[in-house]
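Chain residues, written in single-letter form:
Protein chains: 2
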Amino acid sequence: MDEQLETLFERTFPFWERLDGSDKEYLMRETTAVSFKKGTNVHDGSVCTGVIMVKKGCLRIYLLSEEGKEITLYRLFSGDMCMLSASCVLQSITFDVFVDSEEDCECVVVRGGAFNTITEKYHEAKIFALETALGRFSDVMWVMQQILFMSLDKRLAIFLLDEASKLGSDTIKLTHEQIAKYMGSAREVVSRMLKYFVSEGMISSSRSGGIKLLDKARLRKLTL
Amino acid sequence: MDEQLETLFERTFPFWERLDGSDKEYLMRETTAVSFKKGTNVHDGSVCTGVIMVKKGCLRIYLLSEEGKEITLYRLFSGDMCMLSASCVLQSITFDVFVDSEEDCECVVVRGGAFNTITEKYHEAKIFALETALGRFSDVMWVMQQILFMSLDKRLAIFLLDEASKLGSDTIKLTHEQIAKYMGSAREVVSRMLKYFVSEGMISSSRSGGIKLLDKARLRKLTL
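These protein sequence lines are chains Y and P, in that order. Sequential numbering of the first sequence, starting at 8, is according to this note's numbering. Sequential numbering of the second sequence, starting at 8, is according to this note's numbering.
The shape of chain Y in the complex, shown without the other chains (with noise of 0.2 Å):
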């Protein structure tokens, strides 16, 4: 584990190489190995989680409102990193945000006590926890421009062509409920829109087999 844990910080933490041996030694002693079922609630704001990073799997972060409406703000996939679940670290993080497995998951969660001694030692450090959290900050407006300005035909059909993209297959085995809770609508709405796509012929949809894109030509048209 300890040489893997190693490979691993090198490649991920620019600043590894400045660290003291003994810092080294610290940072991978108060750093543990966790799996994640599909599914499993991993984050949910009330503590100071810690750094996670995902060596496989896919994890989802998402805001959740009292009254249980979720929004998914991004994704990350192995080799990404989790800053807000350290809210410990970044002081300037006043919201809390949720992550849970969406695959089954393996991680490593550095505590967050530790990985804040390390920032306020090393200056390279703190610069690399500010800017991977701010690259956050981006992907969230990007969530945002596309709730509040686009119209919902458009958001789907971008919705569902990246998903193709990502699976590498036309066929999508998600729910309307699903896809509603991603895209942070209601299902009745998104289900309105789905039946608008099969009407013309774009999409096919069934209980049993998901969505399947029929004309993507027609749907890449949609989101321009």
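Note that these hints are calculated values from the structure, not bench results. Honestly, I wouldn't trust all of these hints.
Identical chains share a label here; the pair holds if one copy fits it or two copies do between them.
[Claimed, not checked] Cut-off 30 Å, straight-line C-alpha distance, at most; resulting in silico cross-link-like pairs (DSS-like, lysine-lysine):
#1 Lys76 - Lys161
#2 Lys180 - Lys45
#3 Lys202 - Lys62
#4 Lys44 - Lys219
#5 Lys188 - Lys76
#6 Lys62 - Lys188
#7 Lys202 - Lys76
#8 Lys188 - Lys161
#9 Lys31 - Lys128
#10 Lys228 - Lys62
#11 Lys161 - Lys173
#12 Lys228 - Lys44
#13 Lys188 - Lys173
#14 Lys63 - Lys45
#15 Lys76 - Lys128
#16 Lys45 - Lys128
#17 Lys219 - Lys173
Once you've looked at the hints, dock chain P against the given chain Y.
Relative to chain Y, chain P alone:
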């Protein structure tokens, strides 16, 4: 001007005392005093305007869609600093914001390239720039949650109480159109809700006098 500017920088930049004398002079030389009349577009995202520091007045930072819809993200007042208008300093910011003066404003603008040179030379300056930008991330998330999750009556009550407390007056001289714009909503929707507030005796509204808060206790109840 120079002594005043040095005092302003000293007060604003926690890293000021770390800079070499020649770097202090460089940064002051690359800074311009600018006045903006109320309602001027100060920054439109197309160029790196630089780091804007507000000495007097109020700047509004907002998103603008292709269709002309606006969402107010936050406002900057005397002593505040705008990093998002200096896209050339922060590589991790990939979205464009717009900045307008909401009152007659006195500002100083540090040329983006010069500020960048300093942040590349001094870690403390880079950390300050990143932390300033990241602090706004939290503001923006707050706006996002307001818009996405809250019912309009709650949002409108919060907006009116916030404005009143900011102005130190119970009379808010904004049109329905302006309120809708600030809230990222449609005028019709806001007008309907204001009419409801009037009918409930919580506010009065007139074309000439603007909106007057009559029952702040009830408005506050709506915000809970």
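Exercise for the section: Taking the numbered hints from earlier one at a time, note which ones the structure violates and give those numbers from smallest to largest. Expected result: 3, 10, 12, 15 and 16
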